Every structure is written in C-alpha cells, then in structure tokens.
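Chains as they are written, first to last, in our numbering: chain X, 1 to 261; chain H, 1 to 273; chain S, 1 to 326.
Read the hints as simulated data drawn from the structure, not as lab findings.
Nothing here was measured: the structure is a model prediction, and the numbers come from that model.
Every residue gets a Cβ at the ideal spot worked out from N, C-alpha and C, and that includes glycine.
There's no promise every hint is true.
As the list claims (entries may be wrong) - Part of the chain H face toward chain X, derived, beta carbon under 7 Å: (1) Ile-37; (2) Ala-103; (3) Ile-111; (4) Arg-181; (5) Ala-184.
If you want the building blocks of each chain, they are given just below.
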Amino acid sequence: MKIFRLVFTFFRIGVLTETAYRANFFIQLFQSLLELGTSLAGLAVIFTYTNSLGGWLPDEMLALVGVYFLMGGIISLVIQPGMSALIDSVRDGTLDFTLTKPEDAQLLVSIQRISIWSLLDVLMGIGVLVTALILLKQSVGPVAALEFIIMLMAGGVIVYSFWLILASLSFWLVRVENLLEIFQSMYQAGRWPVSLYPGWLRFALTFLVPVAFAITIPVEALTGRLDILTLLGAMGLAIALFIIARVVWRLGLRHYAGASA
Amino acid sequence: MTPGSEIRHLFRLYGQQFKTTFASMVQYRASLVIWMISQVLEPLIYLIVWSTVSNGSGGSVGGYTARGFAAYYLVFMVVNQFTYTWIMWEYEYRVRQGYLSFALLKPVHPIHSDISDNLSSKLLTLPIILIVAGIMALIFRPTASMTLWSGLVFIPALILAFLVRFLVEWTLALAAFWTTRVNAINQVYFVMMLFLAGQIAPLSLFPAWIQTIANILPFRWMLGFPVQLLLGQLTPVQTLEGLVAQVAWVIASLVLLRVAWRAGVRVYSAVGG
Amino acid sequence: MAEPVIHLQDLCKTYRVPEREPGMRAALGSLFHRKMKEVKAVDGLTFDLARGEMVGFLGPNGAGKTTTLKMLSGLLHPTGGEVKVLGSIPWKRERDYLRQITLVMGQRSQLVWDIPAADSFELNRVIYRLPVVDYQRTLKELTDLLELGPLLSKPVRNLSLGERMKCEIAAALLHRPQVVFLDEPTIGLDVTMQRRIRSFLSEYNQRYEATILLTSHYMADVEALSRRVIVIHHGKLLFDGDLAKLVQKFTAHKTIIVQLGDCSADLHSYGEVINCEAGRWTLRVPKDRTARITEKLLADLPVIDLLVEDPPIEEVIDLVFTQGSS
C-alpha cells in the first residue's frame with residue numbers, strides 16, 4: 001500500500017540525516033552496549049543471591065531485559081522523535097506545512113522523524129530475547145508465541161496512543177514535553193516485572209503510564225503467565241486507546257484551526 | 001580586600017544566588033517534579049527488588065532483611081539527594097552555547113556560583129525528599145540498629161561526601177572543554193557509580209575484590225559510606241578509615257580540579273570561546 | 001465568465017483574546033474572571049481571483065494578510081462569510097483540493113535540515129504521489145528557472161538564506177499546483193535575491209497559468225509583480241485594483257528625512273512637513289521635484305544628515321484609508 005512507501009521514504013530520510021553524522025553510530029553503539037552490560041550485570045548481582053526473583057527465573061528475566069530494550073528501541077526509533085517534533089511544530093507553526101499536504105496528518109506526524117541509531121537498541125533487544133528463548137529451552141508453544149506477538153503489538157499500540165494523546169495536549173497546553181519526560185523516567189521501572197511492585201505502584205505503571213503493557217505483559221505471555229482476562233483486556237485497551245487518540249488528535253486539529261467548539 | 005570583607009562578599013553572592021535559583025525553580029517546576037519522580041523511583045525500585053530477593057531467600061540476604069533494605073535505600077535516597085549534582089550537563093550546555101565566556105569574565109571563580117546554585121536548590125528539594133522518605137518509611141517500615149555516635153559522625157561524613165561528589169563531578173564537567181561527547185563520558189561515570197557507590201546493591205553484597213576497588217575509587221565515599229555509617233553498620237575503626245578516605249579524595253580532587261581548570265580555560269580561550 | 005479560482009465573500013475571522021491590565025490586583029482578579037476581547041483579524045473581505053491572475057496582497061504587519069492566506073489554504077476556519085478555492089471549501093481539507101494548492105511561508109521551512117534539498121524533494125514526490133517522469137520533468141524545469149543546480153546536493157543547513165528560499169519554493173511547486181500561496185516569501189533576503197525570486201514568480205505565472213496570491217509588506221514586491229494589488233488594513237479591504245492606479249495615486253511623492261540641529265526652523269517652503277522630532281524632519285515632496293528640493297535643502301540649511309525614501313507602506317495605507325476605497 002501507499003502507506004508503506006511513505007514510511008519507507010521517511011525511514012530513508014532518517015538514515016540520510018543520521019549518517020551525515022557518522023561518529024554518532026559508534027557513540028550510540030557504545031552507549032547501547034554499556035546499557036545492556038549494566039542491565040545484565042545487575043541481573044547477575046541479583047541472581048547470585050537467589051534463583052528466582054518473585055517467581056521469575058533468570059532466563060525469564062533475560063527475556064524481560066530483551067523486551068525492555070526492544071520496546072525502548074522502538075519508542076526512541078519512531079514514537080518519541082515524531083511526537084517531540086509534533087510538539088515543536090505546533091509551537092513554531094511548521095505544522096501548517098504538514099496540514100497542507102494531501103495525506104492524513106496523523107500519519108505524517110507519527111512517522112515524520114526516524115532516529116535511526118535506535119535500531120541498535122531494537123536489534124540488541126531482539127538478540128537478547130532470542131538468547132533468552134534458547135536458554136529457556138522449554139517449548140515456547142505456538143500459542144504462547146502468538147500471544148507474545150499479539151501482546152507486543154498491543155503494547156506498541158498502547159504506548160503510541162498514549163504518546164499521541166499527550167503530544168496532542170500541546171494544542172491546548174504549553175510545556176507538554178515535561179509530561180512526556182515522566183514516561184521516560186517511569187519506563188525505567190519496566191526493567192523489572194511489574195508484579196514485584198506494591199499495588200499502588202503497579203497501578204501507576206499500568207494505568208497511568210502504560211509501562212506494564214509495554215514490557216511485563218508481553219513477557220508474561222511468553223513465559224506462560226498470561227491469563228485470558230489480561231490478554232483480552234490488553235487487546236481491548238489497545239483498540240480503545242487508539243480510537244481515543246485519534247479523537248483527541250482530531251479535536252486538537254480543530255482547535256488549532258480555530259474551529260468553533 | 002580584607003579577608004573579612006571577602007567572606008561577607010561571598011555570603012552576599014550565595015544569598016543572591018539563592019534568590020535566582022529559587023525564581024528559576026518556580027519557573028521550571030514541572031521539570032523539577034519530573035526529576036524528583038526519578039530521584040525517588042530509582043532507590044525505591046532497588047528497595048523493592050532486594051526485598052523480594054530477601055523474602056524469597058528465607059528472610060534475609062547478606063545480612064539485610066527486607067526492612068533492612070528499606071532502611072538502607074531510604075537513607076540512600078536522602079543522602080543521594082543531599083550530594084547530588086547536575087554540573088556535568090550544566091557545563092556541556094554552557095560550553096556549547098558559549099555562555100561560559102560570561103562566567104570567565106566575572107572576578108569570582110565560577111565554582112562559587114555553582115556551589116551556591118546547587119545548595120540553594122537543595123534547600124527546596126531536600127524537605128520534599130525527606131517527606132517522601134517519611135511516607136515510604138510508613139509503607140515499608142525500615143529497621144536499623146543506629147547508635148548515637150554514628151549519628152553524630154554522620155553529619156561531617158555527609159558534608160565530606162557532598163564535597164567529594166561535587167568536586168569530582170565539577171572536574172569531570174570540565175571535559176566539556178575538550179569534547180562534545182559528554183553524554184558518553186557521563187554514562188560511564190554513572191554506571192561506575194551505580195555499582196561502586198552502593199546503589200544497585202549495598203556494597204557488602206559484592207565480592208571482596210569489587211569492594212576493594214570501591215574503596216580506592218571515590219564513589220563509595222560519596223554515597224555508600226555515609227549511608228552505612230548512619231545505619232550503624234560500621235565499626236569506629238572503619239568509620240575513621242572512611243573519613244580519612246573522604247578527606248584524601250577532597251584534596252585529590254581539588255588538585256585535579258585546579259589542573260583541569262587551568263588547562264580547560266586555555267583550550268576554551270584558544271578556540272575563541 | 002468562468003468561475004473564479006479564488007472567491008471570498010464577506011470573509012471574517014474573529015479571535016477572542018484574554019485582556020488584562022498590568023499589576024497584581026488585575027492578575028489575581030483574572031484567576032476568577034477572565035475578560036475576553038474580540039479581535040477582528042479579518043473583517044468582511046470580498047474579492048475574486050480568476051485563473052492565471054497574480055495578485056499582491058499588501059498591508060502592514062497585523063493587517064490580516066496571513067490570516068486570510070491561512071483561511072484560503074484550509075489552515076483556519078473562518079468565523080463568517082464564504083470562501084471557495086477551485087470550487088472547494090478550503091477548511092474541509094479534501095485531499096484533491098490539497099493536491100492542487102501549495103503554501104510557501106517566508107520565515108518557516110518545510111525542508112529537512114540536515115540532508116540535501118534533493119532528498120526533501122523526493123519526500124514530496126512520494127507524498128504527492130507524482131509519477132517519476134512528470135516529477136523529473138518538473139524538477140528539471142524548476143532547477144533551470146531557479147538556478148538550483150549546485151544547491152541540490154548540499155545539506156540545507158549549509159545553504160544561505162536566499163539559496164534556501166529558492167529550494168523552498170521549488171519544493172512547493174514540484175506537484176505543479178494550480179494555486180500558489182506565498183506568505184512574505186522575500187522577507188529577510190537581500191535585494192538581489194528578492195528580485196530573482198520575484199522574476200521567477202512572474203515567469204512561473206506566465207508559463208503555467210498558475211493563480212498566485214502573494215502577501216507582503218514590501219512595496220517593491222508589489223511593484224515588480226505589476227498586476228493587481230489588494231490592500232488590506234485592520235482586516236478590511238482598502239483597495240483592490242490596478243497597481244498602476246495605486247502607484248500613481250499614492251506614491252507620486254517621496255519622503256525626505258532631514259537631520260537638523262532642532263525643530264525651530266520653518267521648512268514649509270520645501271515640502272509638506274509630516275513631523276519633526278529632536279531635529280529630525282520628515283517632509284513629503286512630489287516625486288519629480290525630489291532632486292531639486294534636496295539640492296535646496298543642502299544649500300540653505302546646516303544639514304547634518306539627509307535621506308530620501310519611498311513613502312512607507314503605512315503611510316500609503318493611511319492615505320488609502322483616509323481617502324476611502326477607490
């Protein structure tokens with residue numbers, strides 16, 4: 001479909017933009033590897049004192065780390081740059097250019113900026129995930145694998161919709177970047193299974209900032225911990241949030257264009 | 001100027017800086033809230049993770065029970081807040097934008113305004129952290145066997161910890177004179193601090209060789225040491241050794257600072273500012 | 001007569017802005033009750049543009065030019081009145097409509113900063129779904145007309161302001177829009193570049209019969225485009241007609257600014273005295289007598305400094321306003 005051509009073109013521009021700064025590749029590689037090393041070393045320290053963290057085995061924790069980097073990589077690759085650019089463009093008026101193009105504006109703003117080096121994180125995450133799967137040895141059956149993929153996609157849609165809703169608030173409010181930074185700080189909590197945290201924190205990480213849906217829940221699907229209620233709930237939430245995000249976006253556009261309420 | 005009037009001048013500078021810092025903090029209160037969330041969240045996460053480990057390992061790990069971990073990390077949260085600096089990013093920003101020229105033109109060494117800015121902002125953030133730590137204490141119910149003398153010695157140890165951390169990080173901030181890749185340098189620094197300051201786990205949980213490295217490097221003396229001291233986990237001899245190490249690091253970093261500053265200013269002026 | 005390409009009828013745009021007195025009490029009071037003021041950015045604008053017309057939309061800052069342009073390109077919803085472009089209602093932002101128009105904004109760029117302009121062009125090619133052959137042809141024509149050759153492979157951030165503007169215009173015209181909106185395209189550019197861009201627009205208009213609406217507060221922009229000019233001020237249409245008539249009517253004068261020691265002298269014999277401030281006299285004199293009057297001033301008076309200017313646009317507008325619409 002024509003959408004894929006558009007996505008590919010923006011991707012290409014992202015590559016062209018970033019490769020203009022070649023040194024960034026090595027710096028980014030270094031930083032990503034350092035982050036991965038830190039996570040793994042942290043796990044190593046924990047697991048010298050126990051062989052199960054709240055019921056999670058080392059290899060399952062490894063899978064969690066993999067998804068943490070995979071999801072984090074996707075967010076820094078396409079979601080965060082685009083939404084950040086959206087907020088800027090509302091402020092400086094360059095959104096006008098997007099709005100005079102004969103293409104759905106939400107699509108354009110969502111893929112308008114690709115931070116190509118974050119692919120390193122994505123690849124790293126996949127690598128760790130695959131390693132964890134091999135180590136787990138247990139048959140990750142086709143059902144669990146399918147559930148995992150669905151939960152990963154649902155998590156992605158939930159995070160995207162969440163970011164779009166917050167970014168759209170910039171049509172009405174100023175300094176919305178701060179709200180988005182809260183997500184970044186709370187995303188750190190996703191390094192560990194959300195089930196470890198006390199109720200109030202678990203609630204915050206599920207329904208206030210959808211970290212649980214991004215990381216813990218897909219891995220729960222993979223490791224056979226997922227119950228059907230959570231599965232359906234996540235799918236439902238993904239669809240609902242996507243629709244809400246679209247509505248908020250369109251309301252924001254109308255406000256921007258000075259349409260009467 | 002007489003020494004007396006010099007000191008009074010410094011006092012006035014600090015007072016003025018406090019007003020400026022306060023005004024800008026009110027202005028940027030949203031980013032302040034975000035920062036405080038991460039300041040609280042990180043030790044909280046380690047608290048919870050280690051409590052889980054200890055609960056699942058028969059109640060205690062390396063001498064710490066779940067409530068022992070609570071005590072450790074809540075004190076850590078406060079000590080971290082007290083010693084915290086963001087000076088590396090400050091200098092990267094200043095060098096990049098060319099604002100450093102203004103600082104270099106003033107008759108007072110820029111480190112003074114940096115210290116006073118740092119302390120001024122903590123006058124506001126520390127009470128908040130203490131309140132949050134207090135609330136967390138109600139939830140997690142920490143326990144520790146504190147003693148009077150360790151509580152008293154804690155105060156100078158805390159001040160020394162702040163000095164060590166500030167001076168080391170200020171010196172590190174000067175790397176901005178030579179490179180724009182400050183983020184990568186900072187990341188290495190923070191990873192080392194994560195493991196060697198007693199942040200990801202109390203240092204006593206690490207194998208001996210790591211603890212030795214931690215004793216040589218400054219990180220333990222910035223954070224882990226005062227925490228262990230307050231919680232009554234150190235003998236008087238160990239405490240004395242720690243204080244000596246802190247003083248040694250203050251002196252070492254002062255020397256390093258002077259050298260780096262002179263070299264840095266030369267580089268900066270050569271490039272044209 | 002054929003249906004006009006651009007049609008405005010009593011177009012209005014009113015903003016509600018919060019109004020507040022300075023001071024503490026008013027600040028506190030505004031927490032409870034916000035006083036709103038209605039600002040009429042565009043007030044009953046009516047005009048038509050036929051196909052292939054090039055029109056200069058002239059007015060001082062804040063006159064309502066940009067607001068009108070935004071309503072024509074679909075970026076703003078009007079508060080009242082009627083607007084139609086190419087038979088479509090702009091604010092509905094129909095895809096087919098957007099494919100036929102383009103917007104160039106003088107102080108904002110749609111080009112991607114770190115990569116060569118050619119790659120930004122590619123992006124537009126994909127967005128507008130241009131067949132490769134057509135795209136190549138249009139690109140070649142634009143490259144020739146605008147002398148873009150060596151610029152296309154340089155990263156946009158390495159281009160000068162004028163070079164960037166040329167690329168900006170090219171990017172906007174790749175899809176051969178029938179209607180071109182330009183908002184202050186020559187602002188900030190040096191005189192040579194301004195002239196080049198004006199001549200390009202003129203040529204483009206003749207070659208492709210595109211309807212071009214260009215806003216400006218530079219008299220020179222309008223003079224160079226030498227067709228119809230619409231003057232707007234305080235959101236109201238003040239003049240709509242031949243530029244020749246406007247020029248003849250209102251710029252038959254020049255302004256002479258003379259710096260003397262003080263304001264005590266009487267300069268009425270030299271020309272119409274507009275004002276005097278701290279020895280800086282502003283005189284209005286007939287255009288054809290400017291040189292002679294300047295000579296006399298320099299000979300008769302202890303002139304510290306002297307400057308000859310075209311009447312500022314505000315003055316022309318004021319004149320148009322006070323003398324009513326033609």
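Hints, verified against the model:
1. A distance limit of 7 Å between C-beta atoms decides the matter here; for H/Ile-37 the minimum to chain X is near 5 Å, and the interface restraint holds.
2. The closest approach between the C-beta of H/Ala-103 and any C-beta of chain X is roughly 27 Å, which is over the 7 Å cut-off, so the hint fails.
3. Violation of the interface hint for H/Ile-111 is found here, the shortest Cβ-Cβ separation to chain X being roughly 29 Å, above the 7 Å cut-off.
4. Evaluation of the H/Arg-181 hint against chain X yields a held restraint, the C-beta minimum of about 6 Å falling below 7 Å.
5. Restraint check, H/Ala-184 versus chain X: the minimum CB separation of about 5 Å is within 7 Å; hint holds.
Hints 2, 3 from the earlier list are contradicted by this structure; the remaining hints agree with it.
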